[in-house]
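Read off the chains here:
Number of protein chains: 4
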Amino acid sequence: MGHRVAVVGCTGIAGQQLVASLQRHPWFELTGLAASERSAGKTYGEALRDPGTGALRWWLPEDPAPELLEQVVQDAADLDPQAFSCIFTAVESDVARELEPRYARTTPVISTASAFRMAPDVPILVPGVNMEHASLLRVQQARRGWRGFITPIPNCTVTGLVMTLKPVAEAFGLRRVVVTSLQGVSGAGRSPGVIALDIIDNVVPFIPREEEKVEAESKKILGRLDGDTVREAALRLSATCTRVPVLEGHTEAVFVETERGATPEAAARVFREFGRDFVGLGLPSAPGRLLVVVGDPFRPQPRLDRDNEGGMATTVGRIRTDGVFEGGLKYVLVTHNTKMGAGKGAVLVAEYLASRGFIG
Amino acid sequence: MGHRVAVVGCTGIAGQQLVASLQRHPWFELTGLAASERSAGKTYGEALRDPGTGALRWWLPEDPAPELLEQVVQDAADLDPQAFSCIFTAVESDVARELEPRYARTTPVISTASAFRMAPDVPILVPGVNMEHASLLRVQQARRGWRGFITPIPNCTVTGLVMTLKPVAEAFGLRRVVVTSLQGVSGAGRSPGVIALDIIDNVVPFIPREEEKVEAESKKILGRLDGDTVREAALRLSATCTRVPVLEGHTEAVFVETERGATPEAAARVFREFGRDFVGLGLPSAPGRLLVVVGDPFRPQPRLDRDNEGGMATTVGRIRTDGVFEGGLKYVLVTHNTKMGAGKGAVLVAEYLASRGFIG
Amino acid sequence: MGHRVAVVGCTGIAGQQLVASLQRHPWFELTGLAASERSAGKTYGEALRDPGTGALRWWLPEDPAPELLEQVVQDAADLDPQAFSCIFTAVESDVARELEPRYARTTPVISTASAFRMAPDVPILVPGVNMEHASLLRVQQARRGWRGFITPIPNCTVTGLVMTLKPVAEAFGLRRVVVTSLQGVSGAGRSPGVIALDIIDNVVPFIPREEEKVEAESKKILGRLDGDTVREAALRLSATCTRVPVLEGHTEAVFVETERGATPEAAARVFREFGRDFVGLGLPSAPGRLLVVVGDPFRPQPRLDRDNEGGMATTVGRIRTDGVFEGGLKYVLVTHNTKMGAGKGAVLVAEYLASRGFIG
Amino acid sequence: MGHRVAVVGCTGIAGQQLVASLQRHPWFELTGLAASERSAGKTYGEALRDPGTGALRWWLPEDPAPELLEQVVQDAADLDPQAFSCIFTAVESDVARELEPRYARTTPVISTASAFRMAPDVPILVPGVNMEHASLLRVQQARRGWRGFITPIPNCTVTGLVMTLKPVAEAFGLRRVVVTSLQGVSGAGRSPGVIALDIIDNVVPFIPREEEKVEAESKKILGRLDGDTVREAALRLSATCTRVPVLEGHTEAVFVETERGATPEAAARVFREFGRDFVGLGLPSAPGRLLVVVGDPFRPQPRLDRDNEGGMATTVGRIRTDGVFEGGLKYVLVTHNTKMGAGKGAVLVAEYLASRGFIG
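Chains as they are written, first to last, in my numbering: chain A, 1 to 360; chain B, 1 to 360; chain C, 1 to 360; chain D, 1 to 360.
Please note that the accuracy of each hint is not assured.
What the hints assert, rightly or not - Restraint ranges, calculated between C-beta atoms of paired labels, are given here:
hint	chain 1	residue 1	chain 2	residue 2	range
1	D	61	B	355	31 to 39 Å
2	A	60	C	57	30 to 38 Å
3	C	276	D	264	24 to 32 Å
4	A	54	D	272	14 to 22 Å
5	B	227	D	51	39 to 47 Å
These are computed hints drawn from the structure, not numbers from a lab. All C-beta atoms in this analysis are idealised placements derived from N, C-alpha and C, irrespective of residue type, glycine included.
Could you put the whole structure together from the sequences, leaning on the hints where they help?
Following this line, the structure appears as structure tokens:
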């Protein structure tokens with residue numbers, strides 16, 4: 001195929017995750033690297049290099065492809081979107097608010113920013129969960145007069161949550177959800193991210209604006225497409241989001257009230273069966289399973305389970321009856337916030353959209 | 001006053017916490033140290049000494065009193081309970097099950113073990129929460145023909161939880177509680193406790209038998225004394241207990257449904273007012289406040305707040321309206337599992353019982 | 001007494017440590033708070049407040065005095081040095097290079113910055129180690145035509161090191177020193193300091209410019225005052241400085257070659273005797289001992305020993321014969337980098353200088 | 001080929017590492033699993049299963065082969081050594097002292113225990129470093145009348161150290177070595193290993209008997225084979241061994257005195273060239289390089305570099321001139337203590353011995 005794609009915000013850690021997910025991709029050719037004015041005009045290697053020590057500020061275990069390090073970084077403000085079939089963005093929300101609509105006039109934009117997530121004509125696509133919401137992109141194009149579109153991925157705490165709530169909703173009906181997240185520090189990035197002084201031997205029980213996102217985005221993603229809009233799911237959801245001394249991987253303790261009641265065994269079964277259709281599409285970045293169910297009561301653990309299926313599966317365990325809710329269930333999930341929850345998840349969404357003709 | 005007291009299980013970390021809380025106590029004189037056969041006959045200093053390196057296996061920041069290190073440790077199996085006004089025990093449940101009834105024939109036993117917590121004639125006393133349950137001790141004595149009694153402190157995750165639930169129950173009525181705990185590693189002790197290999201960069205989402213204890217003990221403690229028994233509180237409570245890489249201090253994310261509705265402001269007010277009567281008793285180990293309410297949204301944090309009021313206060317923050325429950329509230333608490341939740345909390349209970357004539 | 005003093009750079013963590021060490025000080029009255037233009041004109045409380053959440057960005061366990069929070073922060077660039085008997089600075093080196101000479105024309109400056117440490121007429125004073133170097137301040141004043149002076153405290157890794165090397169040098173002669181430091185993250189401050197993503201489950205074996213400072217400053221501090229200069233000590237010193245996942249406290253593994261040989265017992269003796277004269281001065285911030293010697297082979301440990309003597313003592317242990325050097329010794333030390341190694345250490349130096357007539 | 005081999009001590013973590021390195025091995029067939037009496041007679045899966053929760057106590061990321069879980073564990077005391085071409089042992093030293101000589105009468109034993117490391121007719125083989133010492137095995141067989149032999153791998157801190165010292169010794173001559181290790185917690189195993197309460201936010205500067213092993217084993221490994229014995233290398237070596245909050249990987253700060261002087265560039269060159277012959281043998285478990293040299297001054301880091309070459313390479317960086325020693329060098333290395341330093345390293349030694357006719 002060979003869709004030409006660009007990564008905007010390529011020097012930050014979120015941008016690097018996109019780059020790592022796109023280099024050597026079978027469908028996408030990473031021909032555009034863009035960042036702020038400060039990096040523009042340098043090669044990617046120069047832009048990543050620490051001026052003091054000469055060390056490469058590349059934060060991922062997999063190395064960047066040598067040819068990418070030679071590629072010249074463009075100024076995101078000047079980027080010509082028409083040179084690409086798709087643009088991936090990893091910039092702050094205020095920057096996204098400005099750049100993304102400009103790109104979208106001509107080109108599909110897959111965004112990791114929250115800027116447009118709650119706009120009525122913008123779907124937040126989560127692999128296997130709500131692919132039918134993609135048709136909202138046509139509404140968006142028509143309404144805004146764009147040839148491209150903007151489609152953001154959700155907050156990284158939402159991804160794993162809705163992957164488990166969706167099959168529960170379908171099988172048993174979903175009324176109420178209480179969730180406490182124990183989030184790894186990589187979710188905060190590196191600028192400056194979480195300071196070691198704040199988190200070693202500690203828990204920080206507040207992540208600004210996170211709980212609101214978890215609540216609003218989850219309801220939208222689980223909502224029903226109704227004509228040219230998505231009706232928010234009629235469920236109550238309450239979150240407490242905390243930061244814990246874990247590098248990667250978000251752990252979530254979930255309590256749900258179902259409409260029709262659910263035994264732990266039945267829930268485990270629907271979790272295991274979830275996402276087969278999506279996986280069956282054979283998209284290049286898709287895992288073998290979207291949900292991995294573990295029986296060991298000490299699992300899932302972020303260090304041991306975040307990399308299941310290459311970080312693209314959410315792992316669920318400790319599935320139990322809950323005594324607070326009617327037909328209640330409780331369980332624990334672990335999801336990889338910087339794989340499925342970020343760059344590689346965005347690439348998987350793009351693959352889906354390419355396979356359905358939205359890109360290219 | 002000078003009540004002579006003993007600590008059984010004095011070499012373990014829980015026993016050391018009792019020893020540290022009792023040495024130089026204004027009311028209690030620590031004249032008895034007892035442990036298993038292996039330590040019996042040695043001085044306390046010898047019993048604590050590592051045979052290989054000669055280092056003192058004493059795990060607390062405050063040093064043991066020199067005269068205690070010279071005291072000879074007795075065999076717990078042979079201890080004469082009549083030599084003491086009160087015996088504090090810090091032994092495993094199976095050992096407690098055997099030793100405590102023997103001691104209790106003549107002597108009050110304050111226990112950190114779970115062995116007898118759920119017996120109908122055994123109160124689980126939590127300072128400021130349910131002191132009226134102490135009258136159950138007379139029932140226990142009458143029923144069992146004992147001059148002493150057994151009264152255990154609760155599981156360390158329960159202590160902070162019920163301290164916040166009690167004022168909510170009184171002020172607003174309490175229907176349902178969902179709690180996720182993020183527990184420090186000291187709660188598991190040292191034999192072997194939590195292995196570093198298991199918890200660095202990790203969360204372990206299961207602590208065997210912990211959730212059952214949290215659910216059952218909380219309902220009992222919040223229950224109403226009815227004649228010669230305690231009626232379990234009519235509330236639904238569901239817990240998920242996790243272990244996090246934190247040394248000391250349990251953090252708990254709590255969601256509650258109230259009967260009459262509660263604004264965050266009203267809840268903060270009842271938290272602030274809670275426990276004034278108890279604190280007013282002026283017991284030696286009592287904190288100035290049982291609950292500390294913090295307004296900084298990033299608090300409470302275990303490292304920063306566990307030592308509030310010398311580790312004897314529970315700190316509450318992030319008090320918000322909850323969207324899942326009718327009249328819902330959510331908040332986060334931090335409680336010191338090895339101070340108020342263990343040795344020093346047990347000593348405070350003993351002080352209360354001494355002040356009320358149950359001891360001495 | 002009541003010397004009026006100021007803290008420049010009062011909003012950062014190093015400045016806060018100075019503030020905490022000076023509030024309620026028996027000799028010094030903290031009447032000046034200064035910072036960059038951004039904070040100038042605000043009260044200290046406003047300057048510390050996070051605009052988003054309203055939380056106070058105060059990083060120390062001891063609270064700031066309420067009256068300080070009401071004090072107006074001045075612009076460091078406009079500060080009138082003549083209003084103070086002494087100015088404490090906690091600013092970046094480039095800022096120090098500009099501000100400190102201006103203040104020093106009229107007023108003594110105690111600096112935590114490295115800007116002037118290696119100037120020939122500037123002593124780096126370490127309590128109990130080289131107080132005789134203070135006379136260099138008169139040389140500095142004469143040479144520069146200043147009524148004040150600049151005297152910096154050393155790099156925080158140096159403080160504990162020279163406190164142990166000094167008695168070894170005096171008792172046994174010192175030829176060579178090899179040291180590997182395992183430094184806590186607080187040494188890097190908070191702007192941005194050490195990122196959790198970089199240090200959890202990790203060691204970072206490089207701290208830019210740290211090893212050079214350790215080598216040069218140690219030799220200067222251990223040097224001999226010779227007329228109007230300090231002759232660098234004739235010793236060889238080589239350092240490897242690493243960062244470890246420890247909040248506070250620097251651990252240093254030291255290997256030394258002595259001239260006259262030293263048994264571990266003799267070394268322990270000279271460590272124990274070190275600093276008695278200095279401690280005997282009875283300065284308000286001085287510890288009861290400058291060095292604490294521990295016999296337990298598992299000590300010193302940063303978490304257990306950093307707070308010995310209120311963080312103002314260096315703890316030494318594992319004193320052994322070294323097989324590599326003639327007359328060799330090896331030992332491990334722990335020193336509190338943000339107490340004796342920072343704000344409170346600077347205040348102690350100021351107390352010494354005040355007691356000797358250099359300040360006031 | 002298909003040598004039948006056994007793992008003794010197969011349930012512990014060191015034994016599991018052997019099992020993981022041997023399952024699906026191209027040359028060795030793992031037909032024997034042995035452990036203490038407690039596990040004997042159970043299948044491996046049953047022996048690993050936690051009786052309380054049913055969870056598999058298997059500690060490695062790579063799963064055990066299903067057919068191994070069905071294999072019956074034998075009692076190590078009754079194991080028939082003649083059924084195997086080679087026996088790998090992962091037992092405590094006191095057990096090794098008894099079992100290994102019995103097995104060695106007929107069968108080669110590759111041991112991870114320290115019991116026989118310092119015996120004069122026992123070589124401690126380190127891949128690429130001293131393979132010529134293998135001829136000592138013939139001396140051992142002759143002297144003891146054994147058809148098999150015992151050959152232990154070294155302490156895990158030694159492996160990486162001698163891999164870097166060997167090329168320095170060969171190229172520049174080696175006189176003195178000072179090393180401080182910062183060791184990961186996995187080196188202590190799990191029974192009970194390092195307790196989280198002891199190491200979070202901490203450094204423990206003592207590992208019993210570790211420094212003596214590092215000093216003695218390194219000198220033996222670097223020694224010269226002289227007839228029927230190994231002459232210990234004529235060098236002075238002094239170690240301080242510490243434990244840090246790192247899961248896996250030992251970091252070592254090394255300072256060396258050379259005979260002929262060495263620039264950092266020359267040292268980097270000899271490190272890069274080291275081990276080509278050994279690697280050229282094409283043994284199944286051998287890495288592509290024994291030493292990886294990194295230029296980034298912030299490297300090597302245990303979390304980022306321990307898995308280089310599948311954990312079978314030692315990574316060296318920060319190569320600098322040292323100011324304490326004549327012709328001095330200093331550098332930092334990271335080595336994987338539970339890959340090359342344990343099970344997989346033992347298997348690599350066995351592969352070498354098989355390729356040379358010592359096994360089979």
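So which of those numbered hints doesn't the model satisfy? Failing hints, ascending: 1 and 3.
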